[in-house]
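Asker: Residue numbers (our numbering), protein chains in the order written: chain X, 3 to 245; chain W, 835 to 1252; chain R, 795 to 1185.
These are calculated hints, taken from the structure and not from any lab test. On a predicted model such as this, the values are computed, not experimentally measured, just so you know. Take the hints with a grain of salt, since some may be wrong.
[Unchecked claim] Using 27 angstroms as the maximum straight-line C-alpha spacing, the simulated DSSO-like pairs for lysine-lysine come out as follows: (1) R:1179 - X:79; (2) W:846 - X:23; (3) R:1179 - X:75; (4) X:115 - R:1099; (5) X:115 - X:238; (6) X:161 - R:1084; (7) R:991 - X:112; (8) R:1094 - X:115; (9) W:1027 - W:1147; (10) X:137 - R:910; (11) R:1094 - X:111; (12) R:963 - X:115; (13) R:1179 - R:1099; (14) W:1247 - W:1118; (15) R:957 - X:137.
Each chain, written out:
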Amino acid sequence: MSNIIELKNVNKWFDKFQVLKDINLTVNQKEKIVVCGPSGSGKSTLIRCINRLEEHQEGNIVVDGNEISENTKDIEKIRAEVGMVFQQFNLFPHLSILDNCTLAPIWVKKMPKKQAEEIAMSNLKQVQIDDQALKFPGQLSGGQQQRAAIARALCMEPKIMLFDEPTSALDPEMIKEVLDVMVDLAKGGMTMIVVTHEMGFAKEVADNMIFMDEGRIVEKAKTKEFFDNPKSDRTKLFLSQIL
Amino acid sequence: MNLSNYRPSKDKISTYLPLGSFLIIISFLDILINTFFNLNITSFLSQKISYFFPLAIGFIGFYLIRIEFSGVKFLDKLNKNINSNNFNALLTLLILFIIIKSILPILNWFFFEANFVGNSKEDCTGNGACWVFVKVWFNRFMYGLYPDVEQWRVNAAFILLFGLVGIAFFVPQKIKKYFLIFLIFVYPFIGIKLLSGGSFGLTYVETAAWGGLSLTFIISAFAILFCFPIGVILALGRRSSLPAIRYISVGFIELWRGVPLITVLFMAAVMFPMFLPDGTFIDKLIRVLIAITLFEAAYMAEVVRGGLQALPKGQYEAAKSLGMGYWRMNALIILPQALKLVIPGIANTLLALVKDTPLIFVVGLMELAGMIGLAKTNPKWLGMAMEGYVFAGLVFWVICYAMSRYSQNLEKKLSTER
Amino acid sequence: MNFKQFISANKKPSILIPQAITVIALISVIIYFATNAQINMGNRGISFGFGFLNQEASFDIAFSLIEFDGSYSYGRAFLVGLLNTVLVSVIGIFFATIIGVIVGVSRLSDNYLIAKAAEWYVEIFRNIPLILQIFFWYFAALRALPSPENAINFYDISYLTIKGWYIPKFIWTNFNIFCYSIIAACISIYFFLKYAKKQREEFGRILPTVTISILILILFPLISFFLLGVSLSFSYPELKQLSATSYTYANGVSIIPELMALALALSMYTATFIAENVRAGVLGVGKGQKEAAASIGLNKGQILKLVVMPQALRIIIPPTTNQYLNLTKNSSLAAAIAYPDMVLVFAKTALMQTGRAIEIISITMLTYLSLSIAISLFMNWYNKKMAIKEK
C-alpha cells in the first residue's frame, strides 16, 4: 500500500526551544497510528505540522504526494484532504450543527447547498446526532459536540483524519460515545493518526503505536509488540504509569 | 540565477548583519540631521528621491537583518517584535521617523524655547510656551476666586476628608462602620461649613467665589459619595417585584441616561428655580451638585444592576431559605458580592464623573476649565489659550490616568483572587 | 397575566403599601412642582404653551444646512439646530469608527511599536475630558491656522484658514434623479445578493459579490450623469477683500472652525472607546476557531468573513452602538464653543429670548430621549436576533 504521509528529518523550534527532533515517519493508506507520550513531548505539534497549523523549520513533509513547505500554494487544498478533530471541539458557535458541517463543502468545494446538506446529514447520522442537526453547539453536551466536530471534518471527505487528544476535555461518561465513533471510523478504512491517552482504544484499533518523549520518536512498533514487549526503558516507564 | 540564494539566512549572518545595520543607521542619521540641523545630506539627489531615501535605505537594511533563528538574542528579539515581515518593517520605519520629526518641535515648545521666569506677559520672549502665565495664575486655577487669606479652609476641608478616608481603610471592621456613617452623614456638613463660613468666626464666602481645581474636587467628592448609595437603591428598585416601584425606577434611570449632561445642568440652573415657590432660593452650586449626583446615579444604577444580575440565583434562594427578609438579604448577602463583581464598572463610572465635572462652567461655576477661560480673556494675558488648556489637559490626564491605572490593578488583583 | 390575576397577586398589604406610598409621594412632588411653576410663570406674565414656536425668531444662526434668518420661526430654528446636531454627529461617528477600527486592530499587531503607539493613543485621548479636547482644538490648534490671504492651499480649489475651511459649492441640476439612481443602485445590489445566494445554494457557483456590488454602486450614478441629465458644477471659493485688513473667500461653502473643532474632538475621543471594543471583539474569538476553520480548508478571506467576523461583530456592535449614542449626546458640548447645535440654538438662545424654560428644555430633553430610546430598542432587537443560542 502506498504511503500517504511521509516525514523526513523534520525539526521544529519554538523560538530557541526545539520541540521536534529528527522526526522520521511513514504512514500508509488505511493505517491507524496512535501517538502517546508525556505532556510536552511534541505529539500535538507533530500532527499539527501535517496540516501546517504549525510550521516546521527543517526537513520534508509530504502529504498525499504534495510537499508541505512555506512555498506551498493552495495549502487550503491540502487541508481539505486532511481532517482534524481538536481537544476543545472548536465548533462555530454562531452556526447550527448542520451549518457547521456544510460550511466548508459549500465555500471550498463549491457544492450546491442541497448536496452538502445530504452529505452532512449522512455523516451526522453516522455519529448518531442527526436529530440535533438544527441545534446550536451551545445547546449540546460535550460528547455530542465532539461527535459533531468529527462529522464536520468528515464532510470534506478527507483521506486522512488527525485527532488531537479528542477525549481529554470530556467528562468520563461521554468518552465512550466518542471513542465508539472513532472505532467505527477506523473499521471503515480511514487513515487515522490519533494522539490520546486512551490505551484501551489504542489496543483495539491501532496498527502501529508511536511513543514520543522530548520531541523524539522513541519507539515505533506494531501494537501488540508495543504493549507486550516495549523495547525502550522510557516506554516501559510511561506504560507502567498509565496502565 | 536563483534569487533565493540571496535571502538572509543564518549562514550569511556575518555579512548581512553589518551591512543591514549600516544601512539602517544611515537612514536614521539622515532623518536626525534633517530634523535637528535642518540639513539634507542627500541634496545631491533629486528632491523626490531624497525625500524617500531614508525610507528605502532603512527598508533594505531591515530586510537584510531579518534572519530567522540567528542565535543572537538581541537580533531575534528585534526581528520578532518590529521586523517580522516587510509590512511591519515599513510601519516601524514610518512610526520612528514620525516620532523623530515631531518630537523636536514639541520639546521645543514645552521646554527649550519656553519661559518659566517672570511676572507678566512681557517676560515671555521666546517662541515657546509661556509658563509664566500658569505660574502667575496658579493660585486662581487652584482655588478660583476664593479669597487668598481664607484658602487654608479649603485645604483643611480636604485634609480632613482624605484623613478620614485613609483612616477608614486601616481601622478594624467594627469601627469601620462608624467611620463610614460619619463620612456620609456628618462630614458633608462640616465640609460645607468650613468652606462657606458665616459662623464660628469664619467669614462668609459665597459659593460663586468657589472655583478652580478645588471646586472640581469638591463636586467630584460630593457626587461620588452620594451617587453610589442612590445608584444602589435605584438598581434594587429596578429589579423589584413591585410593579409601581419597578416602573418608576426604570423611568427615572432611562430619563437621566437618555439626555446629555449639559441639558441637565441647564435644567438645574435655569428651569429648576421655576418649580420652587416664589422667593425660596437654593444655592446654584447645590442645585448643580444634586443634578450631577442624580445623573451619575443613573449610570451607577445600571452598573450595579449588572452585578445583581450576574449573581447566581442560588444566592437569593439560599438567603431566602434562611428566613432573611428583603433588606437583610440584600445588605448582608447580595450587595457585598454583586458590588465586588462590578468594581471595574464602578471605577469607570467614577472616572467618567471626574471627566464630566469641567462641564459646570457652562452654568457659571468656575472650576479649572472655566478659570482658564476667564484668564485667557484677561486683557493683560491674551493669546495664552494653548498654555492654559495644555496645563488643564495635563492636570486632568494625570488624575484620570492614575485612577484608570488603579482600577485596572484592582481588577487584576480581584480576578486572580477568585 | 390578565388584570384580575394582577390585582389578586398584588392584594397583600406588604406589597400594596410600599407601592402606594411611593406613587403618592411621587404624585405629590409633581403637583407641588407644577403649582409653583404655574404661579411663577403667572407672575412673569408668561403662560404655558407651545404657540411661541410660530413666533419670529429674530436672531441669526451662523451655520445652517437649510435657509434661515431672523424672520423664520422658533420652530424652524429648532429644526436648524437639530440638523446641525445630526450633521456633526454623523461626521463624528464616521471618523470615530474609522480611527477606532484602525487603532483597535493596531493594538493587536505583533509589531511592538505599532501596538504601543496605539496603546498610548487610547490612554492619552481617553483620559482627557472631552470638553478640554474641544477647547484645545478650537482655541489653540485651529487658531494657529493662517488668515485668508495666506491660506493653506489645496490645489487651488480648497483653502484652510482661521475663519474656516472653504470648499467648492456643489451646484446640481436634477439632484433628485441622482438620488433616485443611488436608491436604484441599492435596490439592485439587494436583489443581486439574493440572486448570488441562490446560485451558491443551488449550483455551488460562488460569484464575486463585493466587486460587482461596488461596480453597481459606481455604474448607476454614472448613468444618471451621462444619460439622464444630471450634472454637477462647482462654484470655487475666491479671495475677496472685505476691508483694508480683512479678507474672506466668497462663492464657496465654508466649514466653520466650530464644526471642525467639535468633529475632530468627538472623533478622536470616541475612537478610543471604539478601539477598545474592537480589540475585545477580536480577542473574544478564540484561537481554536481560526484553527478549526483553517483545518477544514477555508482560506484566510473565508475564515475572516465566515467565522471570525460574525463572532467578533457580536461582541463589538452592542457597546459600539452605545458609543455612537454617547457621541450624539456629547455633541451638545457645542454650546461651549458656540457651534449652533440643538442645545445652543434652542435651549440657550431661544430660551433666553422667550423665557419659556420649561417648554424649551422639555422639548430638548425629549428629543434626546427619543433618540436614546430608539437606539435602545434597536439594540434589544439586535441582541435578540444575534444571540448565540445556549442551553
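Asker: For each hint given before, does the structure comply? Return the numbers of the non-compliant ones in rising order.
Answerer: Hints 1, 3, 5, 9, 10, 12, 14 and 15 contradicted; others consistent.
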